[in-house]
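Visitor: Here is how the chains run, residue by residue.
Number of protein chains: 2
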Amino acid sequence: MIERFKQHIDKFTKITEEEFSEILSFFDEQEVKKKENLLMEGAVCRYHYFVLNGCLRKFFVNEKGVEQTTEFAIETWWMTDNFAYERREATPFYIQAVENSWVLGIDYASQEALVAAHPKMERYFRFVYQRAFAASQMRIKYLYELSKEEMFHHFNEHYPDFVQRIPQYLMASFLGFTPEYLSEIRKKIRS
Amino acid sequence: MIERFKQHIDKFTKITEEEFSEILSFFDEQEVKKKENLLMEGAVCRYHYFVLNGCLRKFFVNEKGVEQTTEFAIETWWMTDNFAYERREATPFYIQAVENSWVLGIDYASQEALVAAHPKMERYFRFVYQRAFAASQMRIKYLYELSKEEMFHHFNEHYPDFVQRIPQYLMASFLGFTPEYLSEIRKKIRS
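Those sequence lines, one after another, are chains A and B. Just so we're aligned, residue 2 is where the first sequence starts under my numbering, counting upward by one. Just so we're aligned, residue 2 is where the second sequence starts under my numbering, counting upward by one.
Please note that the accuracy of each hint is not assured.
Stated by the list, open to error - No farther apart than 25 Å at their CA atoms in a straight line, the calculated lysine-lysine pairs in the DSS-like style are these:
| hint | chain 1 | residue 1 | chain 2 | residue 2 |
| --- | --- | --- | --- | --- |
| 1 | A | 15 | A | 149 |
| 2 | A | 121 | B | 36 |
| 3 | B | 121 | B | 7 |
| 4 | B | 34 | A | 121 |
| 5 | B | 121 | A | 121 |
| 6 | B | 7 | A | 121 |
| 7 | B | 65 | B | 36 |
| 8 | A | 7 | B | 121 |
| 9 | A | 65 | A | 7 |
| 10 | A | 149 | B | 149 |
| 11 | B | 12 | B | 121 |
| 12 | B | 34 | B | 12 |
| 13 | A | 65 | B | 149 |
Unchecked claim - Cβ-Cβ distance ranges computed for the label pairs, FRET-style:
| hint | chain 1 | residue 1 | chain 2 | residue 2 | range |
| --- | --- | --- | --- | --- | --- |
| 14 | B | 93 | A | 166 | 24 to 30 Å |
| 15 | B | 149 | A | 43 | 25 to 31 Å |
| 16 | B | 5 | A | 110 | 25 to 31 Å |
| 17 | B | 45 | A | 143 | 35 to 41 Å |
| 18 | B | 158 | A | 66 | 48 to 54 Å |
| 19 | B | 169 | A | 114 | 43 to 49 Å |
| 20 | A | 35 | B | 155 | 53 to 59 Å |
What the hints assert, rightly or not - Where chain A lies over chain B, by a calculated footprint (3+ residues, C-beta under 8 Å):
| hint | segment |
| --- | --- |
| 21 | 117-130 |
| 22 | 148-160 |
What the hints contain is simulated information worked out from the structure, not anything from laboratory work. We put the beta carbon where it would ideally sit given N, CA and C, even for glycine.
Start from the sequences, fold in the hints, and give me the full structure.
Guide: Okay, structure coming up:
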């Protein structure tokens, strides 16, 4: 499973097996059970997570007390509250496992030490953030442009495996629907 | 004015004057007049812009034909459609000068050549994208959490100079208001 991380690094910069084992020494491998929290609101955000297997989600609890999911991360995706992570500050977010998952975690000081010791990882993280930022800019465009229902159709069309995999009540939370409304839209698509 | 770019790089990684002049050779400096477009919908997105002086905005034209502003960039901020830039694809966005501006532009091949020749710039861009992504994640949280009026109050409180500087009709376009409604909110704040 750990090979997934090497393959992901190799997409952006080639590393040897020896370099990979040195790089891995900066990380902690961690198993996380479904619904277990890796981060909770008010805690200092210490770790940046790479998903080896499984699925995480990030959410905050809005003023009505409702969980609002803002992001998912499946295999080879990274997840943290980047703002709080860089500042080692308290976060307004939760990070929770959607499925039983295996993750790699790295704290900010270790990530900085890693890129200093392995400049190839500077390149790797540059690409990781570059692509994450690009995706996030498109997401903002969609948030302005599409209705909630159009957003669901967009995700369904572009990421069908992802939509199938995420439990319906979490997909609803991500889109700002009630689960009942999402269920109706899905029925419409089938008929 | 060009010193602004060196100071910005120095925030993340120290470079010599000699390195800086080599780095600059990868860029084109460009003056852009107020309301002039640096990028138009349907064109291939070739350049990544660094604002030396002035202000840019990014917008798309929605299906009602209305300009929807999604981003601003003032001094030391970068701007492009990152998705289309990396793929050298046609963009759905416009980039337009809000004020007479001076920018540095770099195409994707040159940016890749730059980071290969100057690994310190790999570090610089890693930080630029890391912070841009972090800001963008917070922005997504606010888009879920805040009403348009609350979003205005948030910007007004956290970035008062920015809100003063941006023409009211563009601030309205950014927030998804009519200019008349924004004007009313501003009156309420003053009274």
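Visitor: Falls inside 25 to 31 Å, the C-beta gap from residue 149 (chain B) to residue 43 (chain A)?
Guide: 28 Å, holds
Visitor: Need the status of pair residue 34 (chain B), residue 12 (chain B): alpha-carbon distance at most 25 Å?
Guide: 29 Å, violated
Visitor: Quick check: does the Cβ-Cβ distance between residue 45 (chain B) and residue 143 (chain A) fall within 35 to 41 Å?
Guide: For residue 45 (chain B) and residue 143 (chain A) the Cβ distance comes to about 22 Å; the hint is violated.
Visitor: Within 24 to 30 Å: is that where the Cβ-Cβ distance between residue 93 (chain B) and residue 166 (chain A) falls?
Guide: At roughly 28 Å between Cβ atoms, residue 166 (chain A) and residue 93 (chain B) fall inside 24 to 30 Å, so the hint holds.
Visitor: Please work out if residue 121 (chain A) and residue 36 (chain B) have their alpha carbons no farther apart than 25 Å.
Guide: Between residue 121 (chain A) and residue 36 (chain B) the Cα gap is close to 41 Å, so the pair fails against 25 Å, i.e. violated.
Visitor: Are three or more residues of the segment 117-130 of chain B within 8 Å, CB to CB, of chain A?
Guide: holds (count 6)
Visitor: If you check the beta carbons of residue 35 (chain A) and residue 155 (chain B), does the distance land in 53 to 59 Å?
Guide: 35 Å, violated
Visitor: Would you mind confirming whether the straight-line C-alpha gap from residue 7 (chain B) to residue 121 (chain A) stays at or under 25 Å?
Guide: Cα-Cα ~24 Å, so holds.
Visitor: Given a hint of 48 to 54 Å, does the C-beta separation of residue 158 (chain B) and residue 66 (chain A) actually sit inside it?
Guide: For residue 158 (chain B) and residue 66 (chain A) the Cβ distance comes to about 25 Å; the hint is violated.
Visitor: Taking only the CA atoms, is the gap from residue 65 (chain A) to residue 149 (chain B) under or equal to 25 Å?
Guide: Within the cut-off at roughly 18 Å; holds.
Visitor: Checking C-beta pairs, does the segment 148-160 of chain B have three or more residues closer than 8 Å to chain A?
Guide: Three-residue rule not met by the segment 148-160 of chain B, so violated; n is 0.
Visitor: Decide if the proposed pair is consistent with the structure: residue 149 (chain A) and residue 149 (chain B), CA atoms, cutoff 25 Å inclusive.
Guide: Measuring from Cα to Cα gives roughly 16 Å; hence the hint holds.
Checked against the numbered hints given earlier, this structure breaks hints 1, 2, 4, 9, 12, 17, 18, 20, 22; the rest are met.
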